[in-house]
Amino acid sequence: MCVSLLAACAAQPDGKPVDAAPSPRTAPYASTYKPASSPPVLIRGATVLTGTGARLDDADVLIVGGRISAVGSKLAAPAGAQFIDGRGKWVTPGLIDPHSHLGVYPSPQVNAHGDGNEISNPVTANVWAEHSVWPQDPGFDKALAGGVTSMQVLPGSANLIGGRSVVLKNVPAVTTQAMKFPGAPQGLKMACGENPKRVYGEKKQAPTSRMGNVAGYRAQWVEAQQYIRDFDDYGKKLAAKEKNKGADKDKDKEELKPPKRDLRLDTLASVLKGEIPVHIHCYRADEMALMLDLADEFGYRVAAFHHAVEAYKIADLLAERGVCAAMWADWWGFKMEAFDGIQENIAFVDHPKNACAMMHSDSGEGIQRLNQEAAKAMARGVRAGLSIAPEHAILWLTANPAKALGIERQTGTLEAGKMADVVIWNRNPFSVYALAERVFIDGATAYDRGRSDAVPRSDFMLGQPGRGVAP
Amino acid sequence: MNALLHTRIRLLLVAAAMLCSAGAMAQNVLIRGAEVHTPSGKLDNANVLVRGGRIEAVGAGLAAPSGITVIEAKGRPLTAGLFAGFSDIGIDEVSLEKSTTDSGLSVGADKLRDAQWRPEFDVTLAYNPNSVLLPVARIEGFTWTVLEPYSVAGGSFVAGQGAAVLFDSSYDAVISGSQSLFVNMGGDAMSFSGGSRSAQYMLLEQAIREARASSPPTSQSLLHPAGREALAKYLAGGRVVLHVERAADIRRAVAFVRAAGMKPIVAGGAEAWMVADELARNDIPVLLDPLENLPSNFDGIGARLDNAAILHRAGVRVGFSGAGSSNARKVRQHAGSAVAHGLPWNVALAGLTSLPADLFGIAASRGRIAVGQSADLVLWSGDPLEITSIADQVWIAGKAIEMRSRQTELRDRHLERLKRGMAR
Chain A
1 MCVSLLAACA AQPDGKPVDA APSPRTAPYA STYKPASSPP VLIRGATVLT
51 GTGARLDDAD VLIVGGRISA VGSKLAAPAG AQFIDGRGKW VTPGLIDPHS
101 HLGVYPSPQV NAHGDGNEIS NPVTANVWAE HSVWPQDPGF DKALAGGVTS
151 MQVLPGSANL IGGRSVVLKN VPAVTTQAMK FPGAPQGLKM ACGENPKRVY
201 GEKKQAPTSR MGNVAGYRAQ WVEAQQYIRD FDDYGKKLAA KEKNKGADKD
251 KDKEELKPPK RDLRLDTLAS VLKGEIPVHI HCYRADEMAL MLDLADEFGY
301 RVAAFHHAVE AYKIADLLAE RGVCAAMWAD WWGFKMEAFD GIQENIAFVD
351 HPKNACAMMH SDSGEGIQRL NQEAAKAMAR GVRAGLSIAP EHAILWLTAN
401 PAKALGIERQ TGTLEAGKMA DVVIWNRNPF SVYALAERVF IDGATAYDRG
451 RSDAVPRSDF MLGQPGRGVA P
Chain B
1 MNALLHTRIR LLLVAAAMLC SAGAMAQNVL IRGAEVHTPS GKLDNANVLV
51 RGGRIEAVGA GLAAPSGITV IEAKGRPLTA GLFAGFSDIG IDEVSLEKST
101 TDSGLSVGAD KLRDAQWRPE FDVTLAYNPN SVLLPVARIE GFTWTVLEPY
151 SVAGGSFVAG QGAAVLFDSS YDAVISGSQS LFVNMGGDAM SFSGGSRSAQ
201 YMLLEQAIRE ARASSPPTSQ SLLHPAGREA LAKYLAGGRV VLHVERAADI
251 RRAVAFVRAA GMKPIVAGGA EAWMVADELA RNDIPVLLDP LENLPSNFDG
301 IGARLDNAAI LHRAGVRVGF SGAGSSNARK VRQHAGSAVA HGLPWNVALA
351 GLTSLPADLF GIAASRGRIA VGQSADLVLW SGDPLEITSI ADQVWIAGKA
401 IEMRSRQTEL RDRHLERLKR GMAR
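Going down the list, the protein sequences come from chains A and B. Under my numbering, the letters of the first sequence match residues 1 to 471, in that order. Under my numbering, the letters of the second sequence match residues 1 to 424, in that order.
Some clues are possibly wrong.
[As the list claims (entries may be wrong)] Only pairs whose alpha carbons sit at most 20 Å apart, straight line, appear in this in silico EDC-like list of lysine to aspartate or glutamate:
no.	chain 1	residue 1	chain 2	residue 2
1	B	K74	B	D383
2	B	K98	A	E202
3	B	K399	B	E97
4	B	K419	A	E320
5	A	K236	A	E255
6	A	K353	B	E416
7	B	K98	A	D340
Because the hints were derived from the structure by calculation, they are not lab data.
Please build the complete structure, drawing on both the sequences and the hints.
The following block contains the structure:
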C-alpha cells in the first residue's frame, strides 16, 4: 500500500511492489527508547509555569504512568505516590533545545569524534546526524543538569543542505536509537550565507557566493521534483500493468524497472512531501526572506530559521508565515552576518500575534543554561517596553521548540496526557542563581542534584581525574 | 632599545591625556541613596561624591555642593566599573574578517626550525577606541579590559604583550603599569612547540638564556635584540599571563615562570582546583571562566562549575575572564554562575573589580569605590551579578557615559518599525 508520495512503490525482482523509499516515520534505525518505570509523583505547593502561558502559584503537579495527570491545587495522589515538597520551588516543562550538536561534535573535541559536518560536497542530504551521534558525549549529562529533556541534534552548517537531524530524549543510553524521541520527525538542515560559500569557496568549488548558494539549493529541488515524477510515472505504469493484466501477453512479460533509489533525493522528496520539516541556519533578514521565496518556489514549508540574528527585522513576516526563529540572547559580531545582533531579538520576534520565538544553544555550554539565556532576553524586552512575564518566556524553551520540532503533541507543556518531562527549579528559573534540582523524563527521575546516584555520568568520564560527581 | 623608548614615550602621552580629561571633561556628581559596594562591604542608603573625576567622599548624609548634578539612586546598587576580562575590543572588530583583526603575530614560521619569537610585539598599538564593540561592552557596566595578543599559526606560544585599556574612548587608553606578557602553554599550544608540550619549557629556557646573555646571540637564536630586551624586562619581575588548563601543566608552568623571575597569573585554569593548595601557598591568582565544566579537550577533563569556589576556599585569589570580545559583557554572568556554585557574592564582585585591578597594577587609581579613586562607577537596576539586572548609568572618571551603542541604535530603529506593524 503506497500512502506516501515517496513510497511510490518500486518492485522487487520478483515483481512484488515494495516501498522504494520508506517514509521517515517508518524509517529504519527506529527508536528503541523505552521510558523508565516510575511510581506516581505528586509535587505540591510549587509555582508552576505550565508552558501554555499560565502561571499557577501554590500549585500541584501530578505525574502518573509517566504522563502528566493533572496540574492544579490540592490534588489527591494515588496509592504509592511519591510526594515532593514544592514550596519555594518552581516547576516547568522540560526544556527543549531546537539546535544542538551534542554527540556529533562532542566533548572532548577530538578529531576522532568531530562528525557533525560531511564536508565532501555542498549537498549531503543523504547523511543523517543520528549516524554520527556518540551517546557517551559528557555534554548530554551537563545539559540534563540544566533541565534539558529533549533536543534536536543537527548536522553542521558547512553545507547548503547538510542532512537529516534527529530529535533525542536526553536520557543516558548505550545506543543512539535508545535516545531517539519516539515518533518525532527528522528535520532537514540547510544553511544560508557565509559558511557554505566560505567552506567551498576556499576549495575553489561552488558555491563561492550567495547567489551560488541559492542556485545550489534550486538545482537540488529541481532534481527532487523530477525524482518524485519518476516514481509517480513508474507507479502509474505499474498500476496500469496490473489493471490490464492478461490483455496483452507481450506487455505482461515486459519488465518494468523502478527508478534508481537515491538517498539524497529520498530526503529532499520527503521534504517536498511535507514529511520532513526544514530547519535553516540563516542570520540575515534579507536571506531569510529569500529562503521563504525559495520554499514557495518549490512548495515546501520552513519550520524554523536558526541563529536568526536579524529575525527582529522581519518579526512580522515570520509570524505571518508561521515560521519559528531560534535565537541566542546576546551572541553576535564574530562574523559579518552576525554583526547586527541585538539583545532584544527574541523579545521583538515574540511580539507579533502568532509568533514563534525560541531560545537555542548551538553550544555545549549554552544548552546548560537556556533558562538564563531566556532571562537575559526577557529582561531586555521588558526594558524596551514590551510586556513579557516568566509564564510567557518559558514558551521560548518549551512549547515553541516542541512545535518547531513536531513533538508538540507529546511534550513541551504540562497539559494532562503529555509526557511527564518536568523540571523542578530551586527558585525562579529566570535567574543566574537558579539551578535545576530535579528533572523527570517520562515521569522517571533522570536527574536529582541532591543524590549522587541520580546524576548520570557518561562512560567516558569514568576513571578520569576529578572522580565523583562534579557540577 | 627602540621598543623600550617607544613604550616610554607612549606612557608619557597617556599620563598627559589623563590629566587633561580629569580637569576639563570630568563631571562633578553626587550619587545619593545608593547601595554602595565598597572594599569593606556594602553601605546601604549611602552617597558618593565625585569631583574632578575622582571619588571625593563616600558615606551617609553628604551635602550636595552647590550646582552639582545629583543622581537619586533610590536604593539601587552602585559598584566600581567592571573588568571585561581579557579581550581584543578595539583590536578585533569582526573575527572572521581578517582585515579587521590585529590579534596575533605570524612571522610565517610554520616549522619549529624556523621559529622566531617576537615578545616585543605589543598588540595594544593596534587599539582603536572607535570600535563599535567598545560601547556595546561599556553600557553594560564594563569600564576596562586587558587587551590580549593571541598565538596564531606561524607565530609563537609566547604571543606578545598586552595591557589594560580604559573604555573612555580616548586614543591613548592604555593604563600605565599594566603591561603583561602573554604565554600560552599546554595542549592548545603544542603546534607551536614541535608537537610536544615538553618542548615549551625547552624553548622558553633557550629564549631566557638569550635574553640574559651578554654576548650577541648566534644565527640560531629565537629572539631579535628588541625581543631580548622586552623579555629581559619581564624576567626582572614582570607580569606573565599564563594560559594553561591541565593541573600538571599549571604546576609546572607556574614553577618555571616563577623560577625565571616572572610573576604568573593563571588564565583559564580549568583544572586549577586540583592544585588549589599549591596555588594558594604561592599566591598565584587565577582568572577563570566559571562556565567551563565540559571536558572540552584532554587538558580540561577535570573542569567543573565550582572551580572558583574550591580555589577561593583554599585561599586562591580568583577573578573572571573568558567571554571574548564581542560578548565580553557575558563575564557578569560568569561571576553570577560562580556564586550559584558556591563562591561568596562579595568575592565574585571583587573578581570583576578590585581583584583584576590589583593584578594589573592599577589598583591605586581604579577598581574600588574609595576616596581618591577614579570615579569609574556603575549604577545598576538590581543585583549587579544577576543577569536580569541592567546597568542604568555608567561613569568613567566621573563622566556620565552616553548609554548608547550601535546595538541600541539598531534596537530603537527596529522597535519603531515593530510598533508600526513593521512595514517592510
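*asked:* Tell me the numbers of any earlier hints that the structure contravenes, in ascending order.
replied: 3
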